[in-house]
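Each of the two chains sits in its own frame; use the hints to bring them together as a complex.
These protein sequences, in sequence, are chains X and Z.
Residue 280 in the numbering used here sits at position 280 of the first sequence, with consecutive numbering throughout.
Residue 79 in the numbering used here sits at position 79 of the second sequence, with consecutive numbering throughout.
For the record, the hints were derived by calculation from the structure and aren't laboratory data.
Among the clues, some could well be false.
[Said to hold, decoys possible] Below are the EDC-like pairs computed for lysine to aspartate or glutamate, each with C-alpha atoms no more than 20 Å apart in a straight line:
#: 1; chain 1: X; residue 1: 324; chain 2: X; residue 2: 342
#: 2; chain 1: X; residue 1: 324; chain 2: Z; residue 2: 100
#: 3; chain 1: Z; residue 1: 166; chain 2: Z; residue 2: 237
#: 4; chain 1: X; residue 1: 275; chain 2: Z; residue 2: 94
#: 5; chain 1: X; residue 1: 275; chain 2: Z; residue 2: 90
#: 6; chain 1: Z; residue 1: 173; chain 2: Z; residue 2: 145
#: 7; chain 1: X; residue 1: 145; chain 2: X; residue 2: 26
#: 8; chain 1: X; residue 1: 47; chain 2: X; residue 2: 263
#: 9; chain 1: X; residue 1: 324; chain 2: Z; residue 2: 113
#: 10; chain 1: X; residue 1: 324; chain 2: Z; residue 2: 86
#: 11; chain 1: X; residue 1: 155; chain 2: X; residue 2: 122
#: 12; chain 1: X; residue 1: 275; chain 2: Z; residue 2: 148
#: 13; chain 1: X; residue 1: 275; chain 2: Z; residue 2: 86
#: 14; chain 1: X; residue 1: 35; chain 2: X; residue 2: 264
#: 15; chain 1: Z; residue 1: 161; chain 2: Z; residue 2: 148
#: 16; chain 1: X; residue 1: 275; chain 2: Z; residue 2: 105
#: 17; chain 1: X; residue 1: 275; chain 2: Z; residue 2: 100
#: 18; chain 1: X; residue 1: 35; chain 2: X; residue 2: 85
#: 19; chain 1: X; residue 1: 275; chain 2: Z; residue 2: 93
#: 20; chain 1: X; residue 1: 324; chain 2: Z; residue 2: 93
#: 21; chain 1: X; residue 1: 155; chain 2: X; residue 2: 264
#: 22; chain 1: X; residue 1: 155; chain 2: X; residue 2: 85
#: 23; chain 1: X; residue 1: 324; chain 2: X; residue 2: 294
#: 24; chain 1: X; residue 1: 39; chain 2: X; residue 2: 342
#: 25; chain 1: Z; residue 1: 268; chain 2: X; residue 2: 117
#: 26; chain 1: X; residue 1: 275; chain 2: Z; residue 2: 117
#: 27; chain 1: X; residue 1: 324; chain 2: Z; residue 2: 94
#: 28; chain 1: X; residue 1: 120; chain 2: Z; residue 2: 105
#: 29; chain 1: Z; residue 1: 166; chain 2: Z; residue 2: 117
[Claimed, not checked] Covered stretches of chain Z (chain X as the covering partner; in silico rule of three or more C-beta atoms under 8 Å from a C-beta of chain X):
#: 30; stretch: 45-51
#: 31; stretch: 276-286
All C-beta atoms in this analysis are idealised placements derived from N, C-alpha and C, irrespective of residue type, glycine included.
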Amino acid sequence: MGVTVGVPRALLYYLYYPMWHTFFEELGAGVVVSKATNKRILDLGVKATVDEACLPVKVFHGHVLDLAEDGDVDFIFIPRIVSTERRAYICPKFMGLPDMVRNNIRPLPPILDTCIDLSKGDAGYWRAIFDLGRQLGARPSRVRKAYNLAVSRLKEFDRALEAGRLPDEAMHSMGLETGIVTGTGTRGAGAGSPAPQNGLPQDSLLRGGRAEAEAAAGGDGDGLSIAVLGHPYNTYDNYISMSIIPRLRDMGVRVVTAEMIPEEITEAASQRLRKRLFWTLGRRLLGAALHFIENGGIDGCLYVSSFGCGPDSLVGELIERRVKREGAFPFMMVTIDEQTGEAGVVTRLEAFVDMIRRGRAV
Amino acid sequence: MKVTFPHMGNLYIPLRALFENLGLTVIVPPKSSKRTLTLGTRNSPEFACLPLKVNVGNFIEAFELGADAVVMAGGVGPCRFGYYGEVEREILEDLGYNFEMFIIEPPQGRFREVLHELGRLVGRVTASQVIHAVRIAWEKLSSVEALERLAAKVRARELQKGSVTKALAQALKDIDKAETLGEIRTARLDGLSTISGVPQREDYTPLRVGIVGEIYVVLEPFVNLDVERELGEMGVEVERSIYLGDWIGLHVIKDMLRFGRGSLKRVKRLASPYLQHFVGGHGIESVGHSVEYARKGFDGVVHLAPFTCMPEIVAESILPRVSKDLDIPIMSLIFDEHSADTGVVTRLEAFVDLISRRRSRLGNLGKDTGDVSYAGLYRR
Ligand code: SF4
Ligand code: SF4
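Extracted from the complex, chain Z is given alone in its bound form (with noise of 0.2 Å):
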């Protein structure tokens, strides 16, 4: 059995480490490409949002290269990533590839179904066999967000452009091939180190803009045509509002465990004057983290969305307002299968000249102005 599972972003690393050392044979699709989505388009439901289209891009590929079985995420809805894995199965089916799907739903206060659908997965093992595995990828895990974070910031004061970019990749390559606790830990501090010292700008304040959305996009640069590496690029320092790291604690283990959810509740009050319920997906954490921004003294939010996704529609349709009353500008974009890079360049470009003048202007004033020209962009 040859496993393989979506692409998101980075998180191929710790997936392929937790699957190899449950001894599985794990083959990760190529990195997404124009022909995965491609591929994923024309055999998807046409209005299906976006990440359903790259997964199916990604399987079909992964199954060329003689993966013949399929690990996929469950869910309990309300948003269609839940039945995701149901849809995915038939797609492929209707298409007359052979493979197994694996379906892990999320548990609901009972592990018994987890624990069966992993068991037909890995077949016999250890406990302590499993322990290593999930460290191991937990640490890989762990590592390639503290790089990611760190790229995000000092990107914004790189001398030579794209050195930072490179740095990173570099790094992530020898997160991937450590195999030992060790061997990562020494990837990631050489990874940290060599980042930080790619030759920087100094006394250079850059603009500060925050990422919020759903996550996929918000975690796979194929699909958001790299709007965290453009920003950089262009001066900026860029906050992710969503490290995975941080949801699967937050989601995963701490639900699971039932602990107090302290984070998410946060988000929750800080979004509650403008959205008052759960909404699926990311939704309220859209709401929640953009007002966040603006109280910590973001110069602007980006809010990114795959067309048709349903919660972030729902924080589109309320963000607006949150950035007329915050007076932070906030930018929405919205992909799907024909974004083009050209057209999200020329926004963003767009949007960071309008956050520094507004910068410009404050600064001159003194802070707080209630300035309220450059307040409330928002475009569609």
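Bound-form chain X, shown alone (with noise of 0.2 Å):
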């Protein structure tokens, strides 16, 4: 059939990439991701959105537009993610992606587009992927075996997170050449020099298990532990995060994230809270946060937010003030935006990696 699906690498290609390559490659399509998020793309994206919109959105929106320009592409994937589980939701913004997108850039090829709304249960979620595969011409019984294909392909991929691995060294280990190696782009001029992964060859950290992971994970320092939380569009786009994680990691410190957490864990820890949150996200990561507070584990905590975004405006304040009530481990917030400089948070983190490690020294 020879389509091309272009996908945007934003949002929660850092959770699903695998599921969607796989399921669009066994239904015959080939799969385009667009490039690392560069100064381009989020000009471009900041172009096409409203002022108020939060930075992911705007990225997500020059990924679309670095796809549709690469004419490559018979359609662009961007499914409307309402919900993936009962009675929780991502965001409101997901609810209203592709209606921003048809209305922010035109012209656009046609976009693959499918409603997953879990909140309300299971009804209609099969209709959702049977459809989506009829978009690409594919009958239910190929549809239903791509699927279970790809559920599988995303467990192995979830594995792969809790032993330790970032998206991208996952999906590499798992096959899937997406292009980019970690630690590259960074905001500043002349940009792109791939951070070393703390000297140890390529493929010892793509490779084996959890102990490698974790010494290449930073584990050969002198011990330092601090959790990176945040939404993985911010915390894994190491343009958008100005690198956050591959910088802690050159300075010898490992790096944890909600995701490596096992799910089982997060949420039974974030039931501590006295109404459920609604934010499946956010509630990993409180429940990740609250995990840390009760056992320990780490050294320091940091939470990566986008300006002006609505569920960080609340998740972080929970979690700065239970850290805080608890004396539990040092915290820092950093809120970024387009115009955020990447000097400043340069400065921070290593500023705060200092104070961990002479508060540790005494």
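Given below as structure tokens:
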């Protein structure tokens, strides 16, 4: 059939790409991912959106434009992901994402769109999946097979994350060449030189079990561990986050993210809240923070938040209040938008790590 | 126990009546003011949306007057409002206040929890007491809104600036004081006739502007810097898309009883060429009502949103397209704690200027010329 589906390297790409990739490929489609976020993509996104939009939504628009410009995609995949579990959502902006893109960007290649909404149970879920397959001309039996395979690949991916890998590393180890090596792409001038992976050869980083992954993740330093919490599309997009994770690793810090904590653990920890949080990603972050407060295991926590992000404004606040109340560990909030200067972030990051190291030496 | 609740426009009038008739002592927070906002902003998360900050300010000011219990609504997402109560509780506890918090969550099929929380709040009351309290509150709410609706129409024609606003304020005071259903009805009729009796300009056809947006900024004049009055006093007839009575009727009562939600369906259908899914808050309503105002031949739409409001950012992204397609000027106004009266008035004046020039041009050329030179005014 030879159609090509373009996938924007933004938003839920960092949590679901292996699934999407497998699904489309099994249906015989080619898959193209937009380039790593760069200045041009950011500028395109900023121009296409209203000022008030948060940085990740702007960046998403930039990636859509990047794919549209390339011209060799037949579809751009922009699902409407309302909810991935009962009684919870991702964010209102995800619910209106295809509409925002359609109204902000014209002309546009056809959008491959389906509505995933599990908030009230899974009625309609299969219809949404079949509908997606049908847009690519696939019959339900084939779609079902592709979907099952896609889900098993997603599980594999999640396990790799739990073993301490970053999404790009995990995708690489699964043979999904997405054209990115962790540590590239900084926001400053002359960006782009890959950060060294703590002197470890690439493939030891990408092969092997948990111990190796932990070693790669900076465990060869003085054993300092820092949790980097935030929406995955902020923490793992090195252009947005100013490479916070690779920088920490360069400083010999072991980085832990919410995705590295098994979901049952974060879910159980989040139940300590009086009221269940109705944002899926936010609940995971809060659960991870509560887990660290209770069980230790980290020396400090960074929260990467988007300027003007609705969920972050409350989730970050709840985490900060709890950390402070318990005096659990040093905490720093890094708020990022398109104007944030890299130098400032790097300085704060270094000061934060220094402070923790000094505290430990006493 | 002395109970308080957050302000939202004139909602304090029916709420006070509701709780007092249930036998509670009520402390209405002082009207939202600069001080409220300062207190709220200082103690809230920097990027929380504006309503939360004003709520926190209201609570602190009510505590200063002796309140020791807070009633707040809950919610199930996706927008922040549903978690406001929890965050507000933590903020106030960390500030060292001693209080009880009652969060009334919307019933998700089961009334048990709502009744339990209400029971905790009001103690033992008889069914007839509850029915009476609700009837009084409902009567006050619908009277308040009938007065507001009329005022927004008449204000555009008043001969003496401010006379409608004055008459409205007096009528609201009377409604607030009224105790029985009879007294409420009298106050309502008196108010309606005073407002419509205000000296008015004859044969003047005002411009018509629809107001859409997030419910709290639309209903709270302190936060929206009195847009409704400002526009009215510029000679513009204003129609608000959100009245709380409609809203409660639509979302609370019909939702509970699982009625068909006719008018919401209509709004959704109107919005559907532009926005095909609910996005929390009033995002889809903002789009749908804008389409409706355009179809009804309004001269313009003013869209109000708190800074960082998620549903309204979706709407704001989409409204320029509505404006262009349907040839109706739409202006988004975004409010935060730094918004200043002067800036808003200047922008409203420019907007009114634009729509009145557009009106005379369309008038001269006849209807629906497809003249695009004034279409799509849209600024951020
Ligand atoms: S969760 Fe925050 S960052 Fe993500 S889309 Fe929503 S507002 Fe933007
Ligand atoms: S509708 Fe907007 S302002 Fe209101 S709570 Fe939700 S995000 Fe905040």
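So, going through the hints one by one against the coordinates:
no.: 1; hint: X/324 / X/342; in the structure: 27 Å, violated
no.: 2; hint: X/324 / Z/100; in the structure: 23 Å, violated
no.: 3; hint: Z/166 / Z/237; in the structure: 17 Å, holds
no.: 4; hint: X/275 / Z/94; in the structure: 18 Å, holds
no.: 5; hint: X/275 / Z/90; in the structure: 12 Å, holds
no.: 6; hint: Z/173 / Z/145; in the structure: 13 Å, holds
no.: 7; hint: X/145 / X/26; in the structure: 8 Å, holds
no.: 8; hint: X/47 / X/263; in the structure: 37 Å, violated
no.: 9; hint: X/324 / Z/113; in the structure: 32 Å, violated
no.: 10; hint: X/324 / Z/86; in the structure: 17 Å, holds
no.: 11; hint: X/155 / X/122; in the structure: 19 Å, holds
no.: 12; hint: X/275 / Z/148; in the structure: 37 Å, violated
no.: 13; hint: X/275 / Z/86; in the structure: 7 Å, holds
no.: 14; hint: X/35 / X/264; in the structure: 33 Å, violated
no.: 15; hint: Z/161 / Z/148; in the structure: 17 Å, holds
no.: 16; hint: X/275 / Z/105; in the structure: 10 Å, holds
no.: 17; hint: X/275 / Z/100; in the structure: 16 Å, holds
no.: 18; hint: X/35 / X/85; in the structure: 30 Å, violated
no.: 19; hint: X/275 / Z/93; in the structure: 16 Å, holds
no.: 20; hint: X/324 / Z/93; in the structure: 14 Å, holds
no.: 21; hint: X/155 / X/264; in the structure: 14 Å, holds
no.: 22; hint: X/155 / X/85; in the structure: 16 Å, holds
no.: 23; hint: X/324 / X/294; in the structure: 13 Å, holds
no.: 24; hint: X/39 / X/342; in the structure: 13 Å, holds
no.: 25; hint: Z/268 / X/117; in the structure: 18 Å, holds
no.: 26; hint: X/275 / Z/117; in the structure: 14 Å, holds
no.: 27; hint: X/324 / Z/94; in the structure: 11 Å, holds
no.: 28; hint: X/120 / Z/105; in the structure: 17 Å, holds
no.: 29; hint: Z/166 / Z/117; in the structure: 39 Å, violated
no.: 30; hint: 45-51; in the structure: holds (count 5)
no.: 31; hint: 276-286; in the structure: holds (count 7)
The structure is inconsistent with the numbered hints 1, 2, 8, 9, 12, 14, 18 and 29, although it conforms to all the rest.
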